Amino acid sequence: VSAPLAQLLAAGPPDAAALDAFIAEHDIPLVDRDGVTFLYRGAADAVLLRMFVSGLPAAQPLARVAGSDLWLLRLGMPAGSRFEYKFEVERAGASEWLIDPLNPISAADPFGVNSVCQGFGYLPPEWTLPDGGARTGSFDELSIDSRHLGPRQLRLYLPARFRRTRRYPLLVLHDGEDYLRYAQLKTVLDNLIHRLEIPPLVVALTDSPDRLSEYVGVDAHADFLVGELLPAVAARAPLDPDPAARGAMGASLGGVAALHAAWRHPGAFGRLLLQSGSFAFTDLGDNRRGPVFEPVVRFMNAFRARPGRPAERIYLSCGIYESLIYENRSLVPLLTGQRLQVRFEEARDGHNWQNWRDRLRAGLTFLFPGPLWMVYE
Amino acid sequence: MTDHALLGPQYRVPNLRECLASLGVNGPLVAVTAGWQEREGEIEELRAHVGMPVSDLGLYTRAEHVYAADPPFAAASRERQQRLQVLQDLYRLRLAALLGAVAELAAEPGASPALRRARLAALGDVRRLDRQHLAATEREHSGFARHWQPGRRPSIAPHLAALGTAVEGAAAVLIAGGHVAVLLNRLRLFGCGSLLRGRPLIAWSAGAMAVSDRVVLFHDRPPQGAAHAEVLEAGLGLVPGVVALPHAHQRLALDDPGRVRDFARRFAPARCLALEHGSLVRWHRGRLVAARDLRRLTRSGRLAQVQA
Chain A
13 VSAPLAQLLA AGPPDAAALD AFIAEHDIPL VDRDGVTFLY RGAADAVLLR
63 MFVSGLPAAQ PLARVAGSDL WLLRLGMPAG SRFEYKFEVE RAGASEWLID
113 PLNPISAADP FGVNSVCQGF GYLPPEWTLP DGGARTGSFD ELSIDSRHLG
163 PRQLRLYLPA RFRRTRRYPL LVLHDGEDYL RYAQLKTVLD NLIHRLEIPP
213 LVVALTDSPD RLSEYVGVDA HADFLVGELL PAVAARAPLD PDPAARGAMG
263 ASLGGVAALH AAWRHPGAFG RLLLQSGSFA FTDLGDNRRG PVFEPVVRFM
313 NAFRARPGRP AERIYLSCGI YESLIYENRS LVPLLTGQRL QVRFEEARDG
363 HNWQNWRDRL RAGLTFLFPG PLWMVYE
Chain B
372 MTDHALLGPQ YRVPNLRECL ASLGVNGPLV AVTAGWQERE GEIEELRAHV
422 GMPVSDLGLY TRAEHVYAAD PPFAAASRER QQRLQVLQDL YRLRLAALLG
472 AVAELAAEPG ASPALRRARL AALGDVRRLD RQHLAATERE HSGFARHWQP
522 GRRPSIAPHL AALGTAVEGA AAVLIAGGHV AVLLNRLRLF GCGSLLRGRP
572 LIAWSAGAMA VSDRVVLFHD RPPQGAAHAE VLEAGLGLVP GVVALPHAHQ
622 RLALDDPGRV RDFARRFAPA RCLALEHGSL VRWHRGRLVA ARDLRRLTRS
672 GRLAQVQA
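Protein chains in written order, with my numbering: chain A, 13 to 389; chain B, 372 to 679.
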């Protein structure tokens, strides 16, 4: 266990008051250079750490300190790491999943809230935090009656000081509402534009009512993006027509949708930002990721056989604690072999929105470098 | 009166009004906001802040009109810009190698005379390259001016006359920031080096860079690419002997004595001025008469307060 806890336990099982005092004085879980010690207090038959880190068991038991209601688990954890977790507490034959009651740091996603374990040295990047000095962009609404997908509502992010007399780069972003809600997208855009690290750009935030069907490499969705969404946005906002000023982006299956659209319509997008893409493929054997992935595998196998030039510049990122790290790594030599400009970044993180948030600066500034060196306001 | 003042950035915490008061200027004023490009002329906030009449010289828009009315000149200008871009790219390649040597020698342990001499020589190589680049860009500009004689072209001459009248009737000229290359391009196009010489002048951000005698682009922590400060080209030279560094605390690693030292030594004898919010420095007939909230990078690696 961590040094302060070892000191507490050295004299035998601590009483409740001593434990209360210890917990009040320390950030829990206890993080040091080499790892993390999880603590849980309470009556239980068993307590399990539930996390989704590839290569580690999905459930790891905490050990009870004899003579107390304190449960412990020590894990090695490299500096700068971050992952999300819950506790599973078993009592009287029933089990309950809950966020760590002693850890105030949590992260939300569409499925709920998880506790966050921030390894030694990890800090949320300061550019993800609201900056009172940054000029803020605004939102516009756009309706598209799609021939391919039916009626769709989009939000358009318009940068601060938006002018109709100027032409803007465009980024089409899948799961837009989730990016706003869970990855602080608007704050990040406002900050990076204000700091001149990316140019003022328009972002089309798309969402799907059924992403498991639409984001899996489906032609209708790609045709909607290129044949309907792009013209509709161009009719609403002044856009730079150069493909280098047009990007598509997504995380997980959203990354598949972005890559598929760019592959099916070469030249439509000059830039791709793909985060933890669900790029499942098969070489020997069959798909083992379940039926949802059947169309993904078909697309990815076709893509891997004939990648073409989906975009001139591509940024990929993936957490090394995700099972998708293999598929993402495998994509890199394929893309660089096409003589594309490729940047691949691995993070000590999992398949989650804060991982994707933390990579936005590197991805966006690689794809859309701002006028940092030339503009001094 | 030949008062010149440089200010820190004016966004959010402006001190332009205070500067005008110290100069005894009651207006009217003319402004150059060409660095704002398509937002040129949106000076309502500026007017409200200074509380006196301000008219924008409209250099960005005038240039657009010139290029539209004079296609051969527009084409030649574009070609010159392309040649300047090539020069900049080639300079940047050579600069990266030389600054790499400076960094490697700085990291070498020890303080032997040979190592000290090698460090000085490496920095000298960078200074020499900077001078060569400055000379090359100047040759490009002077060759262009000699061949095309912009001031005599019918597409430009009427603008020069109008600008001369506007500047003549102004108590001071304000030059705002923005895109420094665009700003400098427009200032050059309309002969502002001559037009503004001897006029009371207040400049900030990119404006401060453009009126100095050497425009240095800089950022120590860019999200992509190398953090190598580079010379763009000569400025108008209206405020000589300084390198203007707006937002220095955001852009430069001022807490790194090695970087501060190398920056100051590279551009010496010019004084490298960290122009932050609230900074003000003023010269009267070339003599420094006021400085507030202003620090300069020194060759010892420290930041020193500038005092009049």
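Mixed in with the good hints, there may be bad ones.
What the hints assert, rightly or not - Computed beta-carbon distance windows for the label pairs:
| no. | chain 1 | residue 1 | chain 2 | residue 2 | range |
| --- | --- | --- | --- | --- | --- |
| 1 | A | Leu-296 | B | Pro-628 | 55 to 63 Å |
| 2 | B | Gln-621 | A | Asp-39 | 25 to 33 Å |
| 3 | A | Asp-39 | B | Gly-398 | 56 to 64 Å |
| 4 | A | Gly-92 | B | Thr-432 | 30 to 38 Å |
| 5 | A | Pro-250 | B | Gly-412 | 49 to 57 Å |
| 6 | B | Thr-432 | A | Gly-349 | 26 to 34 Å |
Derived by calculation from the structure, the hints in this document are not laboratory data.
These numbers come from a predicted model, not from an experiment.
All residues carry an ideal CB built from backbone N, CA and C; glycine is no exception.
### Message
Just to be sure I understand the hint, the distance between the Cβ atoms of Pro-250(A) and Gly-412(B) should be within 49 to 57 Å; is that true here?
### Response
19 Å, violated
### Query
That 30 to 38 Å hint for Gly-92(A) and Thr-432(B) (C-beta), does it hold up?
50 Å, violated
### Task
Determine whether the Cβ-Cβ distance between Gln-621(B) and Asp-39(A) falls within the hinted range of 25 to 33 Å.
Once the Cβ atoms are compared, 30 Å apart, the range 25 to 33 Å for Asp-39(A) and Gln-621(B) holds.
### Task
With respect to the beta-carbon atoms only, verify the hint that Asp-39(A) and Gly-398(B) lie 56 to 64 Å apart.
This hint holds: roughly 58 Å between Cβ atoms.
### Task
Take the C-beta atom of Thr-432(B) and the C-beta atom of Gly-349(A), compute their distance, and say whether it sits inside 26 to 34 Å.
48 Å, violated
### Message
The hint says 55 to 63 Å between Leu-296(A) and Pro-628(B); measuring C-beta to C-beta, is that right?
### Response
58 Å, holds
Consistency with the previously given hints fails for numbers 4, 5 and 6, ordered from lowest to highest.
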